[in-house]
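2 protein chains.
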Amino acid sequence: MALLGIDLGGTKLALAAFTEEGKIIRKDIIHLGDRSGSEVGKLITGQIRTILNSAGSKLDRIKAIGISVPGISYQKTGKVWAPNIQGWNDYPLLEEVKQVSGEIPVTIDSDRACYILGESWQGNARECKDAIFLAIGTGIGAGIMVNGEVLRGSNDIAGAAGWMALDRPFRDEYTDCGCFEYNASGEGIAKVAGALLKVNQNYDGELKKIVPDKITSHNIFSAYDSGDRIALAVINQCIEYWGMAVANLVSLFNPEKIIFGGGVFGPAVRFLPDIRREALKWGQPISIKQVSIEASALGGDAGVYGAGYLALKELSSVNNLL
Amino acid sequence: MALLGIDLGGTKLALAAFTEEGKIIRKDIIHLGDRSGSEVGKLITGQIRTILNSAGSKLDRIKAIGISVPGISYQKTGKVWAPNIQGWNDYPLLEEVKQVSGEIPVTIDSDRACYILGESWQGNARECKDAIFLAIGTGIGAGIMVNGEVLRGSNDIAGAAGWMALDRPFRDEYTDCGCFEYNASGEGIAKVAGALLKVNQNYDGELKKIVPDKITSHNIFSAYDSGDRIALAVINQCIEYWGMAVANLVSLFNPEKIIFGGGVFGPAVRFLPDIRREALKWGQPISIKQVSIEASALGGDAGVYGAGYLALKELSSVNNLL
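In order, the protein sequences belong to chains A and B.
Numbering follows this note's numbering, in which position 210 of the first sequence is assigned residue number 210; successive positions increment by one, without gaps.
Numbering follows this note's numbering, in which position 230 of the second sequence is assigned residue number 230; successive positions increment by one, without gaps.
Next comes chain A alone, as it looks inside the complex (with noise of 0.2 Å):
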């Protein structure tokens, strides 16, 4: 037998067929293209169509299919909020899965919470009760577990880690993303560095060859690394506020583990110790020494092991059930 874990995000989709130890028999990954609203309800449930029949011996098999998506899975109605898919603002997909999926349980949960998810099924917050992600991409969230279990909230939205204050005053900027996400998710390192080429006329390193809106992260981290002093003030700045954030979810929660995924880390991975000094300094005493900071073990895989982790502890409480 084998789960189907499913891991869609903004631009593509990953499908991944696992055993219950957590090894990957089969993954496809198929790009979303100019899809939007039901097209991407239509590729999804179109997929696992496919994969169902294509299974044809008893090994493979699905038994439970987990889904992750890119925004707030709503447990009550099934429905999924995912901002940067065009017209998912509500959208029913459990109710469409439900229709291919017939008697195989199926279960959603947001992006962030598959990520700890994963790590804790086959990654590096293995044998944790207390651990979280913090995805650090395009935007900022985290997936936090607490004793043994994804926190929720009252209304599916905790881990929106990127709206959290880190500095006064509140400035117009943090209005669409959050205060910590703007200064220091992927799409912030590049907003932040374009502000200070704005005010530092007299620069003339080689981010000034980029067309200002067209600077990435990547341009940053690339020019940081042959010394190119704007890139240095937007890192280090960084550093402060990664350093922070770990500081504040350590003295709220005294997790075991704070681990560092999404694009950004990739290539900040290098820079937890400097985030580790950071956090020191801020955090509370006792636990903030104990925590253990590190990379995600399973990357860019993180949420389609999760989304298989879901699938595993559907099965397990639909056959305790039995």
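Quick caveat, the hints were computed from the structure, so don't treat them as lab data.
Treat the hints with care, as some may be off.
One copy or two, it doesn't matter: identical chains are merged, so the pair holds either way.
As the list claims (entries may be wrong) - Mimicking DSS-like on lysine-lysine, the simulated pairs with C-alpha atoms at most 27 Å apart in a straight line are:
| hint | residue 1 | residue 2 |
| --- | --- | --- |
| 1 | K289 | K76 |
| 2 | K313 | K129 |
| 3 | K63 | K27 |
| 4 | K129 | K257 |
Guided by the hints, dock chain B onto chain A, whose structure is given.
Same frame as chain A, but now just chain B:
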């Protein structure tokens, strides 16, 4: 039958016998005076012995004991760390109490855990599964309830909200107590005012009449009422910090309620609408609009109610095992 709730504070001990329905049958307050170390332990065990012996009729016989301590209660060892009680670095409170309680079950938890438990039993968090008690007194701590259970963390230190990093850059003053506590606790209000008085040599208002080291938050609130400009600056900055803290707790935990208590709330309860306005700027936009921000219903009794509820919960779990 009755439950015994004991709330140990930094300066006094409160003991209350409760019915299972949460009505107080009797209540005693004893000031610690100059007691320290094992004298405080003896005071507690002595009081317990007296109460157990005096409860004659079946009606008020104590069936379980809960104790709230001003610090950390280590669940695995039964030991207690309480920074304001001299010699209570790793104090074997559970062991000592068990020597007088005999067969009666005893549970110890931190004051912040007890505050939210008290509110959830008999105060403003009744029927909440996700709620936070933000205690702003001499120091700052948060009792955090997640899906109906108090958040402990991996080593019982969760909820150290006074250590939240809310303003860059780091200042040496934050080393002993954390950024949020330095700026917006009762002691912090006095410290920040003292620092402002130092740099405002031309100021000639009412705070000038108080010896700088003797200024308390109560002086600041009273000066605020007469429009004193230093007091206005200090309180307005506190409102900003309190709002940012609410925003961070709401973005991370998505609770139904944030309940403000502790000695400062009290006089600062009238600022809750301002705190809400500030929080609305910073927090995750959906959850910050949904959260209710309220004052404690139990005030100074939150801890002793929480201790009573600890006893009730312990009794229920013991009875379920029978």
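A quick look at each hint next to the structure:
no., hint, result
1, K289 <-> K76, "between (39 Å within a copy, 20 Å between copies)"
2, K313 <-> K129, "both (15 Å within a copy, 23 Å between copies)"
3, K63 <-> K27, "within (17 Å within a copy, 58 Å between copies)"
4, K129 <-> K257, "both (10 Å within a copy, 25 Å between copies)"
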